[in-house]
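**Q** Chain residues, written in single-letter form:
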Amino acid sequence: DGGITQSPKYLFRKEGQNVTLSCEQNLNHDAMYWYRQDPGQGLRLIYYSQIVNDFQKGDIAEGYSVSREKKESFPLTVTSAQKNPTAFYLCASSIGLFTEAFFGQGTRLTVV
Amino acid sequence: QKEVEQNSGPLSVPEGAIASLNCTYSDRGSQSFFWYRQYSGKSPELIMSIYSNGDKEDGRFTAQLNKASQYVSLLIRDSQPSDSATYLCAVISSWAYDMRFGAGTRLTVKP
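Residue numbers (our numbering), protein chains in the order written: chain P, 1 to 112; chain R, 1 to 111.
In isolation and in its complexed conformation, chain P is listed as follows (with noise of 0.2 Å):
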């Protein structure tokens, strides 16, 4: 089955931890993306990549990390620096830049 995965679906990070979600998609698609969503907002762009090597900053990048090594991973680190991390995370993957995107299931971030 073609689609977008991501891991873990829960995570719970300590105080001034880093954490690493994951996102694999199968599709063959050359973009990937960063999505933050907070209760009742709409969804914001955190980072984005549009070939291996190379990614974007996104309007919310500060305290984030990301990395693309291979086509189909595109990692997120939430770093210590996030300072309000507790958020619902969606990764997406779209043929072209910013066409139709295709979202993973998503990681729930929580600080405890």
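Watch out, some of these pointers could steer you wrong.
In the DSS-like style, the derived pairs of lysine-lysine whose C-alpha atoms are separated by at most 30 Å in a straight line are [claimed, not checked]:
#1 R:Lys-56 x R:Lys-67
#2 P:Lys-70 x P:Lys-9
#3 P:Lys-70 x R:Lys-42
#4 P:Lys-9 x R:Lys-42
#5 P:Lys-57 x R:Lys-42
#6 R:Lys-67 x P:Lys-14
#7 P:Lys-9 x P:Lys-83
#8 R:Lys-67 x P:Lys-57
#9 R:Lys-56 x R:Lys-110
#10 P:Lys-83 x P:Lys-57
#11 R:Lys-56 x R:Lys-42
#12 P:Lys-71 x P:Lys-57
#13 P:Lys-9 x P:Lys-71
#14 P:Lys-71 x R:Lys-42
#15 P:Lys-83 x R:Lys-67
#16 R:Lys-110 x R:Lys-42
#17 P:Lys-57 x P:Lys-9
Just so you know, the hints here were simulated from the structure itself, not pulled from any lab data.
Place chain R on chain P using the hints.
**A** Here is chain R on its own, set in the frame of chain P:
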């Protein structure tokens, strides 16, 4: 002014009725428009895309685009309780070269 605006709702319609969801956007040069459905606690699911003025129909869903008035709408005919969800409007902005989402409209279809 928000770049993509939606009425947050909740919008409540009886089963079998037509649900009408609206979205306005600020970038006049936007070219691509999408509707996503998001069930509570789940990720968004793409249900419609529209690129040209006019109507686009897919089953019980019709997307309507009016670029002159800068709005896009989604009509759901014969609404079912399973249509109860939050509907997100997304617009690809020509100047910002990214996809902007509205905050979503929560729809409840009552049996």
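**Q** Hint by hint, note whether the structure agrees.
**A** Now for the hints, and whether the structure bears them out:
For a cut-off of 30 Å, the pair hint linking Lys-56 of chain R to Lys-67 of chain R stands: about 14 Å separates their Cα positions. With a CA separation close to 22 Å, the supplied pair Lys-70 of chain P and Lys-9 of chain P stays within the 30 Å bound. For the hint pairing Lys-70 of chain P with Lys-42 of chain R, the CA-to-CA distance comes to about 27 Å; that is within 30 Å, so the pair holds. About 11 Å separates the Cα atoms of Lys-9 of chain P and Lys-42 of chain R, which keeps this hinted pair within 30 Å; it holds.
Annotation: proposed proximity of Lys-57 of chain P to Lys-42 of chain R holds, straight-line Cα distance about 25 Å (limit 30 Å). Of the supplied pair hints, the one linking Lys-67 of chain R and Lys-14 of chain P is violated, its CA atoms being roughly 47 Å apart against a limit of 30 Å. Straight-line distance between C-alpha atoms of Lys-9 of chain P and Lys-83 of chain P comes to about 21 Å, which keeps the hinted pair within the 30 Å bound. For a cut-off of 30 Å, the pair hint linking Lys-67 of chain R to Lys-57 of chain P stands: about 29 Å separates their Cα positions.
As the CA atoms of Lys-56 of chain R and Lys-110 of chain R are separated by approximately 26 Å, the hinted pair is consistent with the 30 Å bound. Between Lys-83 of chain P and Lys-57 of chain P, the direct Cα distance comes to roughly 18 Å. Compliance with the 30 Å bound is thereby established for this hinted pair. Between Lys-56 of chain R and Lys-42 of chain R, the direct Cα distance comes to roughly 26 Å. Compliance with the 30 Å bound is thereby established for this hinted pair. Distance hint between Lys-71 of chain P and Lys-57 of chain P is fulfilled; the C-alpha atoms sit about 18 Å from each other, no more than 30 Å.
At most 30 Å may separate the alpha-carbon atoms for a hinted pair to count; Lys-9 of chain P and Lys-71 of chain P meet this at roughly 22 Å. Distance hint between Lys-71 of chain P and Lys-42 of chain R is fulfilled; the C-alpha atoms sit about 25 Å from each other, no more than 30 Å. For the suggested pair Lys-83 of chain P and Lys-67 of chain R, the alpha carbons sit about 39 Å apart, so the restraint of at most 30 Å is broken. Distance check on the hinted pair: Lys-110 of chain R and Lys-42 of chain R sit about 21 Å apart at the alpha-carbon level, within 30 Å; holds.
Distance check on the hinted pair: Lys-57 of chain P and Lys-9 of chain P sit about 24 Å apart at the alpha-carbon level, within 30 Å; holds.
Of the numbered hints listed earlier, those contradicted by the structure are 6, 15.
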